[in-house]
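With the hints as your guide, set chain B onto chain A.
2 protein chains.
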Amino acid sequence: MSGSGGGGAPARPATGGEAVAAGASADWLDAVRWDAAGLVTAIAQDADSGRILMVAWMNREALAETARSGRAVYFSRSRQRLWRKGEESGHGQAVRELRLDCDGDAVLLQVGQAGGIACHTGRESCFFSRWEDGRWVVVDPVLKDPESIYK
Amino acid sequence: MSGSGGGGAPARPATGGEAVAAGASADWLDAVRWDAAGLVTAIAQDADSGRILMVAWMNREALAETARSGRAVYFSRSRQRLWRKGEESGHGQAVRELRLDCDGDAVLLQVGQAGGIACHTGRESCFFSRWEDGRWVVVDPVLKDPESIYK
Numbered sequence: 001m002s003g004s005g006g007g008g009a010p011a012r013p014a015t016g017g018e019a020v021a022a023g024a025s026a027d028w029l030d031a032v033r034w035d036a037a038g039l040v041t042a043i044a045q046d047a048d049s050g051r052i053l054m055v056a057w058m059n060r061e062a063l064a065e066t067a068r069s070g071r072a073v074y075f076s077r078s079r080q081r082l083w084r085k086g087e088e089s090g091h092g093q094a095v096r097e098l099r100l101d102c103d104g105d106a107v108l109l110q111v112g113q114a115g116g117i118a119c120h121t122g123r124e125s126c127f128f129s130r131w132e133d134g135r136w137v138v139v140d141p142v143l144k145d146p147e148s149i150y151k
Numbered sequence: 001m002s003g004s005g006g007g008g009a010p011a012r013p014a015t016g017g018e019a020v021a022a023g024a025s026a027d028w029l030d031a032v033r034w035d036a037a038g039l040v041t042a043i044a045q046d047a048d049s050g051r052i053l054m055v056a057w058m059n060r061e062a063l064a065e066t067a068r069s070g071r072a073v074y075f076s077r078s079r080q081r082l083w084r085k086g087e088e089s090g091h092g093q094a095v096r097e098l099r100l101d102c103d104g105d106a107v108l109l110q111v112g113q114a115g116g117i118a119c120h121t122g123r124e125s126c127f128f129s130r131w132e133d134g135r136w137v138v139v140d141p142v143l144k145d146p147e148s149i150y151k
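Protein chains in written order, with our numbering: chain A, 1 to 151; chain B, 1 to 151.
The shape of chain A in the complex, shown without the other chains:
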């Protein structure tokens, strides 16, 4: 994965490239504020459309593999194991940029979404329900039948 490009970020550091955590290769993982379960919030944003596709979790291993491979790898809390996005659905995510927030407890991925579908329901984004006058209304179409995705 390249650290540059994508997400509308400036092509060059605007501050002269001040390093938050430089040095040995694992230091950047120590800069993340892992929660009590060893996890950090991970947000995937479509690098082309800007749409928020999903929110998931990463443990140290998942984040390290994501950076190394350039493919989004999460930690499934329900299955308690690494979840290489797309391993079953084919809807993998190529990571174009990776960012950390100011208090270190969330990472933001700019991704190229395979198939244009991130959600297990067959929709582009997991955020397909919109608040309207006191209820959640499904406003996004199913692009592909989940039964044909997970077979």
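It cannot be assumed that every hint is accurate.
A few chain A residues that face chain B, going by a derived Cβ cut-off under 7 angstroms, partial list only [what the hints assert, rightly or not]:
1. Val55
2. Leu108
3. Cys126
4. Phe127
5. Arg130
6. Gly134
If you are wondering where the hints come from, they were derived from the structure by calculation, not from laboratory data. Ideal Cβ placement from N, Cα and C applies to all residues, glycine included.
The following block gives chain B in isolation, referenced to the frame of chain A:
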């Protein structure tokens, strides 16, 4: 707050407006999957630029007030109280759209960001550090000195 417009969402429901949680006014809050601490992850996205501004938390009261007032209200875990975004900094967020994800454990706000600054460091976004070859590099400029924001 209006439930329509903003965020590139379709002007009309694409599925005919299937209600996820209709009925009495508090039902929509019950559709949220609150964690053990009674919180849900909340992401603020700039409705104009599409940039992810910050990630925070909401409890039931914060989310209810956000929907009612049209102003982003979070729950500060460090201070253990409601945090009306902008109450100290002046950098409030007008909520143009509110969405819930497929498993109900994250909400996404499309906001108009006052002052164009969401981060307490005086930057537009809290995600100002980018991964580059094994380190986090600060790539976004400080738009306003924090000392002049919090005085």
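Evaluated hints:
{"no.": "1", "hint": "Val55", "result": "holds, 4 angstroms"}
{"no.": "2", "hint": "Leu108", "result": "holds, 5 angstroms"}
{"no.": "3", "hint": "Cys126", "result": "holds, 4 angstroms"}
{"no.": "4", "hint": "Phe127", "result": "holds, 4 angstroms"}
{"no.": "5", "hint": "Arg130", "result": "holds, 5 angstroms"}
{"no.": "6", "hint": "Gly134", "result": "holds, 5 angstroms"}
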